[in-house]
Amino acid sequence: MKLPLNLKKKMEPFFYLSPALIVMIILIAVPITMVILFSFFDNVIINKNPTFVGLANYYDVLTDPIFFTALKNTTFFVGISVLAHLILGIMFALLLNSKYIGKKTKALFRIIFILPWLFTEAIIAILWRLLLNPNGIVNYLLQIFNFLGTSIDWLGSIDLALVSVTIINIWSGYPFYMISLLAGLQGIPQELYEASSIDGANAMNQFFYITIPQLKPILLSLITLDLVWTIQQFTLIWMTTGGGPLHASETLSTYIYKQAFSSFQYSKAATTSVIVLLICIVLAIFYAKQQKGEGLK
Amino acid sequence: MLGKRRFLVLLLMSIVIFGISVISLSEEITLEFQQWWEPELPEGVLREICDEFTAKTGINVELISNPYADTKVQIAAGAATGMMPDVVGLDGSWVYDFAKQGAIANLSELMVSSGYDDSQLSLQVQVEGNTYMIAVVNFAYPMYVNKDILKNAGIVEFPTTWSEFKSVAQKVTDPTSNIYAYALPLSSALPNGIQNQFMSWLWASGGKMLEDGKPNLIGNEKLIQGIELMKWLFEEELVTPGTYTMREPDMVEEFVNGRVAFMISSLAHLTLIKEGAPNMDVAITSIPKMDGYTGKSGICVANWGIGIASNSKHKEEAWRFIEYLMSPEVNAKLAVYANGFPGNTASEPDYSKKDKLFVDAYEIYQESYAINEFIGLPRSEDLMRIFLENFVLYLEGEFDSAETMLEEIQKEWLRIFGD
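Chains as they are written, first to last, in the working numbering: chain A, 1 to 297; chain B, 1 to 419.
Source of the hints: derived by calculation from the structure; they are not laboratory data. Possibly wrong hints are sitting among the right ones.
As the list claims (entries may be wrong) - The following label-pair restraints were derived from C-beta to C-beta distances:
(1) A:Ile-114 to B:Glu-228: 20 to 28 Å
(2) A:Leu-17 to B:Leu-63: 38 to 46 Å
(3) B:Gly-418 to A:Phe-14: 48 to 56 Å
(4) A:Cys-280 to B:Ser-108: 43 to 51 Å
(5) A:Cys-280 to B:Asp-360: 38 to 46 Å
(6) B:Gly-258 to A:Ile-111: 33 to 41 Å
(7) B:Glu-396 to A:Phe-286: 35 to 43 Å
(8) B:Ser-108 to A:Phe-14: 35 to 43 Å
(9) A:Ile-36 to B:Asp-350: 56 to 64 Å
(10) A:Gly-293 to B:Gly-418: 49 to 57 Å
Note that beta-carbon positions come from the ideal geometry of N, C-alpha and C, so glycine has one too.
I would like the entire structure built from these sequences, with the hints used as guidance.
Spelled out as structure tokens, the structure:
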């Protein structure tokens, strides 16, 4: 049977896209659909014949106080991490773009500043565990300079665990901003700065009225991507505090992991994953809209 | 008459079909064996054992080796997707959940069908009367002592009772030199510190946390006293700092670095300790008993267990492999290399070339009875985590008594037992 020419023409792009589409369906669409379906059934996987329970799993998760602790901690962890990444990224990018620093010094700084980005998350976790250990170098330095009387258990303290993990995440993530913003800074025409100088603009005016508006598209993309990545952060938290002590550094990712691999509550893990997916979808829509807007400009 | 082209097509098809059938007929069987044992054994030992099996049977064994924690996650993922490797290394605390899930095969049936005599097996983990895991090697958890720290504090005798331990702990602890009496890993990421380093005290004094297979925490006098002992150690600041994020390997590292006088740890760590601190004067002793207890002590054991995946297409071959690993000679060899005790009671491991500390530990093991009440329980890791979190709350002053804490734990444990 021959297809009408019009339909054939319409189908042609899908034919060319089919290899990528098949891979996407197998690796993305199928698992996501399965997880969404799992969230509407009773104890899936463990129970060979799970029954449909509607929104019961959502009710269980949304009435679990540990879920809200994890959500609150995730909000803090993500919010502070993204803000600090942004500030540190801009600061270091400006430093590396400065005309007041020599080429050799710049090269040295670039190597030093980008180092955290080169380590894997497991290495970063081990490194910081050693640094923040009660017998570690951080406590040692604070004690010899008389800032501390006794050692602090930074990662094991209920009050400090979340802050400590957030600091580790900030350290590991700022170079991505720095490199991206440095590329953006180098693309800003020098004429803009020269013209503004003639008009009497000082460094602060130039920063807020030229640099930031010129970097806006990159900044929005970076922030959106960072929000999604940081929400999903697992390895660093698991390997440093394990979400403890007493859920003090529990985030949505560690909560999901414990539900699945410790409690074998796959339905509840799937339900929490769907909630995280919804948050990420909102961010993805924002990102896509922003990209579309920039494209139109 | 066949056309030339049609004839060629038929000929080609025949060759392909013949080729496929020859390949399938001559296909070798390869068993996938996932475990965490290979990284813990001297290099090449497990590979050598598997190669000997291949030489005898023609069945290949592909080793999938990862550290303990990763192995659990990967096996759980395999169980969820029905893609478990044929043979899996198991910890007794995982068995109930995998068996209930139908992810691991009923070994009782395989033993019956192959006519295997299971009387020589030291431990079979059963769920509803059927065996799902066989212990290949058993590891005892005795108490390690840093004798150098004791000597510096003028102590010659090892403590044998809780009150003696308290007295020694106070004498050896020196925070200015970063030396503490005891290390207790209470990381919620891997909550087995409750099993290995906390319950060991209870079991050594003949105590139990279960009665007729159900939680028996409320009013459990020995358990309450054990909790009080730990709380006292914390209040007196005799426990190594960093306890809430400490895992077992961190505890061993603290010991190797000479910062802990006593720790309860697996014999599997003996080589690591000897290599890490070759000049340290280390001893292995029994865990002190509760004052007044004169009965036999229980000693915590962990196992390298083994099971077969339900989804395995080669269950008979997998069972032959398990039989081979459990044969007295092979089992003895594994036990010697692993610093453990054989899962086959008929094995006669040659410990004559072993470290004296190992021989001491073997004597303690023989004088005690092996115990681990978490083996075969539902959601064991969750049970440990619930205990751990409530225990941390108690240490932080959130419960007014150990009894109240145990009431809360019992309530949460019963929910899991009732699921």
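Tested hints:
Between Ile-114 (chain A) and Glu-228 (chain B) the beta carbons are some 53 Å apart, a value that contradicts the proposed interval 20 to 28 Å. The hinted window of 38 to 46 Å between Leu-17 (chain A) and Leu-63 (chain B) holds, with their beta carbons roughly 41 Å apart. Judged by the Cβ atoms, the range 48 to 56 Å given for Gly-418 (chain B) and Phe-14 (chain A) holds: they are separated by roughly 53 Å. For Cys-280 (chain A) and Ser-108 (chain B), the hinted distance range of 43 to 51 Å is satisfied, since their beta carbons lie about 46 Å from each other.
A beta carbon spacing of about 56 Å between Cys-280 (chain A) and Asp-360 (chain B) contradicts the range 38 to 46 Å that was offered as a hint. Take Gly-258 (chain B) and Ile-111 (chain A): their Cβ atoms lie about 37 Å apart, and the range 33 to 41 Å holds. Evaluation of the 35 to 43 Å hint for Glu-396 (chain B) and Phe-286 (chain A) yields a pass: the beta carbon distance comes to about 41 Å. At roughly 54 Å, the beta-carbon separation of Ser-108 (chain B) and Phe-14 (chain A) lies outside the given 35 to 43 Å, and the hint is violated.
A C-beta distance of roughly 58 Å is found between Ile-36 (chain A) and Asp-350 (chain B), which places it inside the suggested range of 56 to 64 Å. Under the hint 49 to 57 Å, the C-beta atoms of Gly-293 (chain A) and Gly-418 (chain B), about 55 Å apart, fit the expected range.
The structure fails hints 1, 5, 8 (numbered hints given earlier, in ascending order).
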